[in-house]
Amino acid sequence: MAVDSLEKPAVTVTPPSEPPVSKVKRRKRGVSGWMVLALVAGIGLLMLFPFWIAIINAFKPAPDYIANGPVSLPTELDFSALVDFWGGVDFNRKLLNSVVISGSVALIAVALSLLSAFAIGIGRIRGRVWILALFMLAFTIPQEALVYPLFVLTRDLGLYDTMTGVVIILAVLQSAFGTYMLSSVLGTFPPEVLEAARLDGASRFQVLRLVVLPLTRPTMAVLMTFFFIWTWNDFFLPLVLLPSADNQTVSVALGALSGQYTSDPTALAAASLAGILPALVFFLLFQRTLMRGVNLGAVK
Amino acid sequence: MSSLTAMRRRSTSERRGGYWWYILPGAVGFLAVVAVPFGMNLWYSLTSFRGVGDPVFIGFENYQRLLGDPLFWASFRHSVAFIVAMAILPTAIGVVVAAVLFNFISPKFGSKVASFLRATYYLPQILPIAVAGVLWKWMYQPQYGIINTTLRDLGLGGLAQNWLGDSDLAIYAVMNVLVWLQIGYTVVVFMAGLSRVDPALYEAAELDGASWSQQFRTITLNQLRPEIAVVLITTSVAALKVFAPIFVLTRGGPGTSTIVPAYFSFSNFFTTTKVGYGAAVASVLALMISVVAVALLRYQTRNSEGFEDGRG
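Chains A and B are the protein sequences, given in the same order.
Residue numbering for the first sequence is 1 to 300, as defined by my numbering.
Residue numbering for the second sequence is 1 to 312, as defined by my numbering.
I should point out that these hints are in silico values taken from the structure, not numbers from a laboratory.
Using N, Cα and C, we set each Cβ at its ideal position, and we do this for glycine too.
Each hint should be verified, as a subset may be incorrect.
[Claimed, not checked] For each label pair, taking beta carbons as the anchor points, the in silico distance ranges come out as:
no., chain 1, residue 1, chain 2, residue 2, range
1, A, Leu39, B, Gly39, 50 to 56 Å
2, A, Arg29, B, Pro25, 53 to 59 Å
3, B, Gly155, A, Asp90, 41 to 47 Å
4, A, Thr75, B, Gly157, 21 to 27 Å
I would like the entire structure built from these sequences, with the hints used as guidance.
This is the structure we're talking about:
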């Protein structure tokens, strides 16, 4: 939203690619036009409604909620529910854990993806189609089919309930997707550029660092954003492999909330808001990347 | 064969060989995190392993028991419900909404209005599912939750329900959350798909006097076919895997009314510690998902200029 409005200064000029009919249409919106707009805007409001209701009730004093219900605006701003939740679950700690884990996973996974994709897309190593099929298996396989052995292996290696263990596992799983995406990007890399670099006597590593890396930076930025957010949102493996409160991520801390918060009607709203805030920050920061990147996963 | 060609061949193979070093980290990671654990899981599924001591081989007994276990069948029946909620409904709604935004709202009210609306639909997608779960659990709460208080305020108190606590309703309540979560994804993908459609098609249809719904059926649906197929397959895979919403909202309950394969295997692993049995459930789930994923792979390689273009 914010990013979008900064981008294009004026919309009065219809882009040339648009059909000329739309210009005619544009002038006569008509009653039906406004009705359709009202309908889609109504759906949009429904989508946003849970966010709105969480925000207003997170700051509502509990007696106000009991007296006036969840829809009304708070009579006064009351931060106590938010403060109670923040302190009660040591939310700062969870935020730090999530940042460390998501950041490390994103960096390691992108590096792994680039190395593997370099061998597959540029090096065209033998059996690359099978290797890619295996990598695809790695990110489609349900984690339930890996979790118990991963639990046993991390326990035996002393990596159970450590961030290192979870970072390694998630980085490998996500790099499988990254390899898949980057290989197809590198597969269409202009061969003349590579040939020229080779003729200049560049080694493979120099080609990777000085030619491939700069030219694929945009794709890698998209991948890194996605890896970060996926890890932030990830639930299952962090739930199983990071049981202690000191290592929990934001997602797991919220998902594992139980009884103690359900008696106070505004406590869960405050908890939701605490979970929404970082997600909202990422959304505003990365909106364009996200919208562009969604298609990366769906249709090449 | 001249020595020159032989030399050249050797140098190419050397060059190729050198690339194997670059896949080594990824390959080691794959072995340690995917291949070995998956093999171990298969092995556990053939044993009566209970998490302690050594696994004892029992052949296919776990799989035989699965076939007679009503809970196993129930969990896959619920998967069908979640395919409806995560794949079919969001795709159907997403196509229509994307077409309205792209072909109707955008030309009449400007692309900014359309992209703003798209952003509002997409917003739930950015939430960690756990957070979405907490939020909806709070709204579904029977005494003070917003849904029931609003119904009572409207004089419809008779419709107020214990949404997540009623074994007939819980699955619909969970499905509703998933539709809310998924619509944004389909709208964004389909709008991007529409932007690659040649506007001349709509122009010609317009000149022929085709109505909006005719254009939607003949042009939009046809042109979006690749996106629709890919979205249906990827979201169906996601639906088969669904775990977090169940864990947060219902833990498979009340009773077993919302149990899904992922949660079923999880509770076998870590609640009842029937590891062998849980491993068998997970293996069956993996098999089903692989079937769907292979469909996706075949579809994508058919539709993209793959890596086997004879270069290199």
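Each hint, compared with the structure:
| no. | hint | result |
| --- | --- | --- |
| 1 | Leu39/A <-> Gly39/B: 50 to 56 Å | 53 Å, holds |
| 2 | Arg29/A <-> Pro25/B: 53 to 59 Å | 57 Å, holds |
| 3 | Gly155/B <-> Asp90/A: 41 to 47 Å | 44 Å, holds |
| 4 | Thr75/A <-> Gly157/B: 21 to 27 Å | 25 Å, holds |
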